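S.K.: So you can see what is in the structure, the chains are spelled out below.
Protein chains: 4
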Amino acid sequence: MTQPIRVTVWGEYRHELRDENVARIYPDGMHTTIADGIRENLGDRATIRTATLDEPEHGLTEEVLAETDVLTWWGHMAHGEVSDDVVERVHRHVLSGMGLVVLHSGHWSKIFQKLMGTTCTLRWRSEQDRELVWTVNPTHPIARGIPHPIDIPAQEMYGEFFDIPAPDELVFVSSFSGGEVFRSGCTFRRGHGKIFFFSPGDQDYPVYHHPDVRRVIANGVEWSVSDLPERAYPTLLRYDTDEFFHGVDYSQAAPDITPASMTTTAGVTA
Amino acid sequence: MTQPIRVTVWGEYRHELRDENVARIYPDGMHTTIADGIRENLGDRATIRTATLDEPEHGLTEEVLAETDVLTWWGHMAHGEVSDDVVERVHRHVLSGMGLVVLHSGHWSKIFQKLMGTTCTLRWRSEQDRELVWTVNPTHPIARGIPHPIDIPAQEMYGEFFDIPAPDELVFVSSFSGGEVFRSGCTFRRGHGKIFFFSPGDQDYPVYHHPDVRRVIANGVEWSVSDLPERAYPTLLRYDTDEFFHGVDYSQAAPDITPASMTTTAGVTA
Amino acid sequence: MTQPIRVTVWGEYRHELRDENVARIYPDGMHTTIADGIRENLGDRATIRTATLDEPEHGLTEEVLAETDVLTWWGHMAHGEVSDDVVERVHRHVLSGMGLVVLHSGHWSKIFQKLMGTTCTLRWRSEQDRELVWTVNPTHPIARGIPHPIDIPAQEMYGEFFDIPAPDELVFVSSFSGGEVFRSGCTFRRGHGKIFFFSPGDQDYPVYHHPDVRRVIANGVEWSVSDLPERAYPTLLRYDTDEFFHGVDYSQAAPDITPASMTTTAGVTA
Amino acid sequence: MTQPIRVTVWGEYRHELRDENVARIYPDGMHTTIADGIRENLGDRATIRTATLDEPEHGLTEEVLAETDVLTWWGHMAHGEVSDDVVERVHRHVLSGMGLVVLHSGHWSKIFQKLMGTTCTLRWRSEQDRELVWTVNPTHPIARGIPHPIDIPAQEMYGEFFDIPAPDELVFVSSFSGGEVFRSGCTFRRGHGKIFFFSPGDQDYPVYHHPDVRRVIANGVEWSVSDLPERAYPTLLRYDTDEFFHGVDYSQAAPDITPASMTTTAGVTA
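Protein chains in written order, with the numbering used here: chain P, 1 to 270; chain Y, 1001 to 1270; chain W, 2001 to 2270; chain H, 3001 to 3270.
In case anyone wonders, no lab produced these hints; they're calculated from the structure.
A portion of the hints provided could be inaccurate.
A few chain P positions that, by computed beta-carbon distances, are all more than 10 Å from chain W [unchecked claim]: (1) LEU132; (2) GLU169; (3) ALA232.
Partial selection, computed: residues in chain W whose CB lies under 8 Å from chain H [unchecked claim]: (4) ARG2006; (5) ARG2130; (6) PRO2147; (7) PRO2165; (8) ASP2168; (9) GLY2178; (10) GLY2191; (11) VAL2225; (12) PRO2229; (13) ARG2231; (14) THR2241; (15) PHE2245; (16) VAL2248; (17) ASP2249.
Here the structure is a predicted model, which is why all the values come from computation and not from measurement.
Note that beta-carbon positions come from the ideal geometry of N, C-alpha and C, so glycine has one too.
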């Protein structure tokens, strides 16, 4: 409780180096702006580092993830360049208890698709729509202190059908001036990890400078911290009758079981 | 409505050929017994075929899946031998609208893990526990005509924590004589597909001869039929302002987007 | 399955007799138009009667409810005139397995409040907003055959926060031209009864003549039919050890228990 | 955050004065033991008072409730004696943001029935069953620090079907030595209030002395504290176009609307 939350803000950091308009809005990179917004809201309650696609291992080494309580994810034009090994590593950490906050176009990232099991597709349009973000779950901690609605003057439109599993909790629903709606704030629990998806945010609009958007992201970071004392990957174990607390891992030894996990990326790594 | 449901019952079909005990319980293969149970309950409302691991493409070619309204899945000792290409194909069909009924040890199959996004691990023990299956959602169609509880005299124990996403609907919860509990009947919607997981059933016990278990599986088959008129994979499309019905697929063409789907199996295939 | 669904369409039937504008849109009463819409879609699959506030017992006698598979409810200006006894009776029938489809301003009816346990309040405005109804659960039977979105040219605005429990299933979300959003299609299970709330529809706009709205209501009627073989009110029963199927009702006899139900309307009637 | 949680522990306090066995287990009343358990776990993070049935207004005056962040409720033999006015008052405070933790036989209290909208009935037997409480949602704050399972050597059996709405979050599922199962830890959000139901606990067994049970109740108290800055009853308001933040209450003034709330207890009190 008294330890600050260790946050890693991950950014693709490509548009900012290539597109003049984006560089003007986010001169130090979107990840820096997102990190500033979290810092602004959480102060001493968080320590924040950033990582980007073009660092070795995208800046997401085993060491970095082991020291990360909550990872935030923004990517857009280069989802396909994220290495499958790193995706596997992030996935394992989330299922073991690392929090994950997925932002905007991160909906189409490999890690979000892998955690959701669906395509995570949607309808879109980038034509300066006004987005209004309405709270439908006012007692949720992520909605704490958020105006109803949040008013974002110009935004990319994201509309339904959004191909995700029904969220565990629906917190925000957005409308756009073109008439579309979107489930813009959703929580999911996967394994021992808590996941928050929040759709406002784009490289072409100054959304990550919006104080309410920053507040929501900071709330999402706080909410997604695990209550488990340590990271633990869910494991298949055999328990004797009357023995509830100490299980045995026979899955590797058993001569007649080849678990899916032994040949696919979904399983336990050695 | 008047067309019969086209069901494909998939079975691993290895234990039956190798283990005397299993061969005695399921002399024609577990898939045959499962198919019989569906036929017994649905009669003319279903046409049923079977497919097994050692057939070419595991019997699950594009043609077979295209003609399958609901696929049932039982596997155990050879999850790892199921080809990733076939898993990909089944995943695409489920997201496009094919129903999927996952049985017992199928919890650890590649396809279930891929759809859930989690490890799908649990606790287990095969020591002749008695399993009682209680209905917690009595208005659910899958519970229609099912005694409360179902009494299974001898069974493998599957216990919590079962690492799955919170189900959309929890229909059954089981207890075991050793004291464990398990969320044994769960529904999920993914993409345009409906998924039912039902845990009773094992190669070492005659569970698929149990009339109530057969009835649940048949109910699950009926429930998981899609209401969509045709199979459709969810796709990312751009919609102009005031144009709600005709979207355009820019994802392949856009010079500045490399979607995750272009390099991973989660995406749209050409 | 082959028996037609017995539907009772309940209408307040006051605006139509008092307000010229409403009488022009619904010359035979809104209940008649709603009934026509169900008939148009279900044909022989339903037999439909209507009942209105000013009939004796509001037309909802014990006999009528006992012969009703699904009740639809529209009220607005006279919620307070609905007798508590009739509300109690409808509540008991819903918990015993009668389906209920609550329409538009029925959100503020006594019966809906009683089933939800909340205020069921919302924000509103009647200024000719355009309402677009988007499907967020495309595999739900209530969404079958419904365009995405439904386009309603002029409507009363209903906006969030809508004070209801989180729905079991969220099927539709609406936007309004003023920018508000609303969870406009929601399902709930209560006791042995299935409930569908659908918000489009108003006395001042011809919404119940809209073919897509009529289709949704008809789908909702079909969905909310119980799968239970007969109506049964959930009851508190004692079960001996090893006796799972025959319980005993000690609640009335026990000298040391005064159940809430003995003095309130929520309990078992003799 | 730094303010301690103001908890009111409500107890029926009748069995303890009448039944020798209960008096022996809970010599100072069950409410005192429950309060001790919360104090033991939350320490300075909570200030705790108690209230009982036979105090004026059951100890739950407007003043007490206004100063209560979380109310815990245990009742059994005298549910029917709780005044409807007090139930109404508690209901209003819960919908306005007061947390509520309902314990064991409180499942059949008027306040829980009113909030759920259902009968809240179940199956039961008091024959020294062993209860095992399993965590099915390990990332939920209420499960923090709780062993998996909690082992309660002797308990009253509560079994399914438990007639409640599907919980927002299912945290615990119990088994009993007789083979029954029960959804023993459930959360619900109603209005602006958070509700936690936890079934272990009985007058005839020393369950409220069990350290793990005490920990769960304390966790539940912490979880159910509202994040809203002040208590606010959800209200029906009209909003002009382009006016999102200031609504007007026309419900009392409008000549053509008699809201349900004007004649029933569910509505806004003046």
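S.K.: Does each hint fit the structure? Answer for all of them.
M.R.: Hint-by-hint comparison with the structure:
| no. | hint | verdict |
| --- | --- | --- |
| 1 | LEU132 | violated (5 Å) |
| 2 | GLU169 | violated (8 Å) |
| 3 | ALA232 | holds (29 Å) |
| 4 | ARG2006 | violated (24 Å) |
| 5 | ARG2130 | violated (12 Å) |
| 6 | PRO2147 | violated (26 Å) |
| 7 | PRO2165 | holds (6 Å) |
| 8 | ASP2168 | holds (5 Å) |
| 9 | GLY2178 | holds (5 Å) |
| 10 | GLY2191 | holds (5 Å) |
| 11 | VAL2225 | violated (19 Å) |
| 12 | PRO2229 | violated (16 Å) |
| 13 | ARG2231 | violated (14 Å) |
| 14 | THR2241 | holds (5 Å) |
| 15 | PHE2245 | violated (11 Å) |
| 16 | VAL2248 | violated (10 Å) |
| 17 | ASP2249 | violated (10 Å) |
When each numbered hint is compared with the structure, violations occur for hints 1, 2, 4, 5, 6, 11, 12, 13, 15, 16, 17.
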